[in-house]
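Colleague: Here the protein sequences come in this chain order: F and D. This note's numbering puts the first residue of the first sequence at 1, with every later residue one more than the last. This note's numbering puts the first residue of the second sequence at 1001, with every later residue one more than the last.
Treat the hints with caution; some may be incorrect.
[What the hints assert, rightly or not] Derived DSBU-like pairs (lysine-lysine); straight-line CA-CA distance at most 35 Å: (1) F/K76 <-> D/K1087; (2) F/K76 <-> F/K50; (3) D/K1076 <-> F/K50; (4) F/K87 <-> D/K1076; (5) D/K1006 <-> F/K76; (6) D/K1050 <-> F/K76.
[Claimed, not checked] One-sided excerpt, in silico: chain D residues whose CB lies under 10 Å from chain F: (7) T1013; (8) R1015; (9) L1017; (10) E1039; (11) G1046; (12) K1050; (13) I1064; (14) E1070.
Honestly, the hints are just simulated from the structure, not real lab data. Bear in mind that the values here come from a model prediction, so they are computed numbers and not experimental data. Every residue, glycine too, gets a C-beta built ideally from N, C-alpha and C.
There are 2 protein chains.
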Amino acid sequence: MLEIAKGCPLDRTLRLLSGEWTVHLLWALSSNGPTRHGELRRLVEGISSKVLTQKLRALEASGIVFRSYEATVPPKVTYGLTEQGQKVDRVLRSIEELAVEWQPAASS
Amino acid sequence: MLEIAKGCPLDRTLRLLSGEWTVHLLWALSSNGPTRHGELRRLVEGISSKVLTQKLRALEASGIVFRSYEATVPPKVTYGLTEQGQKVDRVLRSIEELAVEWQPAASS
């Protein structure tokens, strides 16, 4: 396995994924497809509107999430996974498998 | 994919993995095998001794890491992944693959 030197791509990916709520959000977007802010708040139980907005901006800046704006009345804003973002699916699936296997440990 | 209800096994696994330094630590233990505290501090660049001790205790309490004590002179304490902990390898590998693919995005 690769060494993790501070700032290397692996370190940056780990830091990006290990931020609070990040994987929960990626999970909701991966399962739900393009989703509105309000719906994301419902899907990610416990996240505040302010934190959700900050997280979405940070993920957008990292090229992982896109934000689309439709000038309907009222305007429609949805968030979704970019092509880069969709590559996180593999990590989400491996975490899902792990969660199923860890259930006894996780519930003790 | 599973829904993530607060407190469900998937939520607990995500929270466990998304704590700061956690995946870095699991990475070092997975690559290095049973390792002493001082060596772990060297392998996980930037972590403080205090945070490392707290993290190891929390991972030990979750059944992911074991702590072995040898009454040598001086005494020898090493930390390693339990059987449950070794199951995290699959997640680490998928993150490694992702990091290699995300390099352009991660470095922008």
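Colleague: All hints, please: hold or fail.
Modeller: Verification of the hints:
Of the pairs offered as hints, the one joining F/K76 and D/K1087 is violated, with about 42 Å between alpha carbons and a cut-off of 35 Å exceeded. The straight-line distance between the Cα atoms of F/K76 and F/K50 is roughly 19 Å, inside the 35 Å bound, and the hint therefore holds. Distance restraint check for D/K1076 and F/K50: the Cα-Cα separation of roughly 47 Å exceeds the 35 Å cut-off, and the hinted pair is therefore not satisfied. Distance check on the hinted pair: F/K87 and D/K1076 sit about 42 Å apart at the alpha-carbon level, beyond 35 Å; violated.
Straight-line distance between C-alpha atoms of D/K1006 and F/K76 comes to about 28 Å, which keeps the hinted pair within the 35 Å bound. The suggested pairing of D/K1050 with F/K76 is violated, with an alpha-carbon distance near 47 Å, which exceeds 35 Å. Hint status for D/T1013: holds, given a least beta-carbon distance of 4 Å to chain F, under 10 Å. About 8 Å separates the beta-carbon of D/R1015 from the nearest beta-carbon of chain F, less than 10 Å, and the hint is met.
With its C-beta approaching chain F no nearer than about 7 Å, D/L1017 sits inside the 10 Å limit, and its interface hint holds. At about 13 Å, the closest approach between the beta carbon of D/E1039 and any beta carbon in chain F exceeds 10 Å, and the interface hint on this residue is violated. Here the hint on D/G1046 is kept, as its CB sits about 6 Å from the closest CB of chain F, short of 10 Å. For the restraint placing D/K1050 at the interface with chain F, the shortest Cβ-Cβ distance is roughly 19 Å, beyond the 10 Å limit, so the hint is violated.
About 7 Å separates the beta-carbon of D/I1064 from the nearest beta-carbon of chain F, less than 10 Å, and the hint is met. Because the smallest distance between the Cβ of D/E1070 and any Cβ of chain F comes to about 25 Å, over 10 Å, the interface hint for this residue is violated.
In summary, the structure is inconsistent with hints 1, 3, 4, 6, 10, 12 and 14 from the numbered list given earlier, while agreeing with the others.
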